[in-house]
Amino acid sequence: MTFQTMVGQLAGGFLTTLAIFVLTLLGSLPLGLAVYFGRRSRLAPLRGLVKVYISVMRGTPLMLQLMVVYYAPNLMFGMRPLSRFAATIVAFVVNYAAYFAEIYRGGIESIPVGQYEAAEVLGYTKGQTFFHVILPQMVKRVLPSVTNEVITLVKDTSLASVIAVVEMFTLASRIAVAPHSPGMVTFAVAAVFYYVFNYVVAFAMERAEKALSYYQ
Amino acid sequence: MNVLTITGAQKSFAELGVLKDISLSVDEGEVVSVIGPSGSGKSTLLRCATFLETLDRGEIAYMGKKAAHSGPDGKSVYEKDLSPFRRCFGLVFQQFNLFPHRSVLQNVTDAPVRVQKRPRAEAEEEARKLLGKLGLADKADAYPCQLSGGQQQRASIARALAMKPELLFFDEPTSALDPELTGEVLRVIRRLAEEKMTMVIVTHEMDFARAVSDRVIFMDGGVIVEQGAPDDVLVNPTQERTRQFLKSYQS
Ligand SMILES: Nc1ncnc2c1ncn2[C@@H]1O[C@H](COP(=O)(O)OP(=O)(O)O)[C@@H](O)[C@H]1O
Ligand SMILES: [Mg+2]
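Heads up: the sequence lines are chains A and B, in that order.
The opening residue of the first sequence carries number 628 in the working numbering; numbering runs sequentially from there.
The opening residue of the second sequence carries number 301 in the working numbering; numbering runs sequentially from there.
Please note that the accuracy of each hint is not assured.
[What the hints assert, rightly or not] Reference listing, derived: stretches of chain A covered by chain B, where coverage requires no fewer than 3 residues with Cβ under 8 Å from a Cβ of chain B:
1) 735-745
2) 753-764
3) 831-843
It is worth saying that the hints were derived from the structure and are not from the lab.
All residues carry an ideal CB built from backbone N, CA and C; glycine is no exception.
Excised from the complex, chain B in its bound form (with noise of 0.2 Å):
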């Protein structure tokens, strides 16, 4: 089954090109790592796939239903209503973005029961279940700053994955954290990614996209540059940009 497909995406801010007719598309199941130097559009790619940015020309569609078509003048054509397609999402950003001023618990029972107007006593139930497999049960009544980094992070990857979506979405998870830090958080998606939960993740972290992806994509300007198996994206790269990219990784 078919999660996401993107079509053709192109994205601009004012004259910068900064998605150059890209084309992705994740399968059920599959954990799909993206990579590139710093600007090559990762972060773009992920904002507008998760609606936060609006791409210019190209179409997006999840489960099959296109939330975003080309029209006549083959322009981005976005359905009126978002709501559904954002059901089959989750994004984890960089910053956690957590909400302050709620407990850790409310963090993720507020969108289940305000969102998807699920009964609060099993929203609770299943973030405390939540909570427990990612390893922070005893953190459910602590607020956002009274926590680590990597707990922040297990935090908000917890809210994201209570509203139940087929596919899930990383920004760098761990690039605001401590190094000491970012292996609690890489366990968990990595437990995730066995678990079979669709992912995109973009990352830094070569060994752990080599570990848990089923594809590598390298973004390199705007473009794909080259995608396919982690060992043969990163460990024989058919394209000289990859090579560069890593070997500026390893030193």
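So that you can see chain A by itself, here it is in the shape it has in the complex (with noise of 0.2 Å):
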């Protein structure tokens, strides 16, 4: 195999790789408002619940969780499993939503009671003081934690091996031992696209971040 065609390969499983990655940024940043607002709730059963959720997924390697979610339905209940992409969609979804819920959580208390306050006087409801007011200031205030995570999420997207979903380090290692191959040097390619991919995701983040500093 020669140098371009490894390259090509990868180039191919980026683009699962990168699949992985904006899916789950869609599914799990807003999962983790509706999660947050489940750890509040003023229904018991259901703040438990959710309690329970994110110590499970902080707690517990996502890798098992993978397993977990790809295997568990047909073993555990003999149902169709899911594909294995869409399996790691779910898995890393439900995953970072639980970190994002966290975040969120920090962000939100951190806001001033008297920011509630000034919008009840004034007679916002309870949505439009949450959407108007304090989301946008949360959302300032949680973004380089949030950045943290985005760039893990980065490197995360190679534990999709395990269920051998072929993105980009998958077929990196198929491609390192096959015979033939230009072997280490794939290793390292697929390190540069990695190490590409978050240079410009922290470039994004911080742009992101400068446009949200005109106040503090």
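Please assemble the complex out of the two chains, which come individually in their own frames, going by the hints.
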């Protein structure tokens, strides 16, 4: 296998990596908000359930969670398994939402109570207060922590290889050990892909932080 | 015309009685100052009047309509929808509580547009007029963090006035300000008094209270100890507690 073929195949795998990344964020960023609302629900059982969910997501390896989402429905209930890709997205979204929920909670709880009171006296509804007063300020406060998670996610996408999703890392490991391949150079190229991807992500997040730095 | 009537207000936090049978009535155009030592329940009174806290007992009426009445067991019962009553008043906080992510103009126009559903162009025109009146014409596009404390407080007064309240409450509007900045805020409030804005002002500025008020209320330990014309309460108080308090202020 030539160097060019190897790079071409990795680039193909990178599209899957990118898809996992984008779909996970699209799912988990909003789901994290819903989880946060569950965490502070008036219903004690829901609150307890959400707390357990968050602690399990954070206390067990994502790799194990991937295996459970992919294999458990079939092994335990005889259901038709999700596709490998779909199982990956489900596991990633559910895992990252737990982290984002905790980050949102920290951000929201750090907003002074005077903001709620000013909105209440002005006659804002609870929804208006949340979406127009609290949420925009929360976004600014959580952006640095969200950036950390997003950069971790870039690297975590490689965990999908554990259920044999053909993303970039899976391809790199297969190519590297195949006969007549560029060998270890494959991993070096994959590393460059991840690094550049992360560089772009970090740059974008920095721009976002700058855009919100117009106030303190 | 009677704007606000509070009757028999009682409020406790846990076991601590903070308001003990307070009654207060404010007429249109009247300026009432509330003075008293720290912890006497002044903020709690304003917070109950603005529904940030709920009374245990007692009644609150705005413009003759009851927002809270005494239920059969003597406890206060609130109307389900308090929004028509919220339209009656504005509250200026000690800590301003401007929205930091919005410009001064947006702070002033957001509630009129979002809550009162007024057309944006009209709200902006009025907001600019208000800002001009409060000496903030050139700060419309600034963000609160770019303003001095005095400017922030004037912006928060503009935000409250933009809702066209019948009554404006102030909770120690100058207590968070450096001494050299209190004057500009007090001047603005004074001007509102001259325009016959109905106001209830909690303040520690005795000279200001004397100059601007139609009536001064002295609170201590959750009760109104004494009230009357500014000169009567601030210069010739009849109660020993009032005298003690005023003396501690002179030194
Ligand atoms: N949310 C609260 N929970 C418990 N105690 C409170 C609360 N708010 C006020 N208090 C207590 O009520 C008393 C009166 O407070 P406040 O109304 O703020 O007095 P003032 O404004 O006259 O200084 C104080 O002893 C204060 O500690
Ligand atoms: Mg107070």
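Do at least three Cβ atoms from the segment 831-843 of chain A come closer than 8 Å to Cβ atoms of chain B?
-> holds (count 3)
Mind taking a look at whether chain B covers the segment 753-764 of chain A? Criterion is 3 or more residues with CB to CB distance under 8 Å.
-> Coverage by chain B holds for the segment 753-764 of chain A (5 residues, Cβ < 8 Å).
Quick one: see if chain B covers the segment 735-745 of chain A, three-plus residues with Cβ-Cβ under 8 Å.
-> holds (count 5)
The structure shown violates none of the earlier numbered hints.
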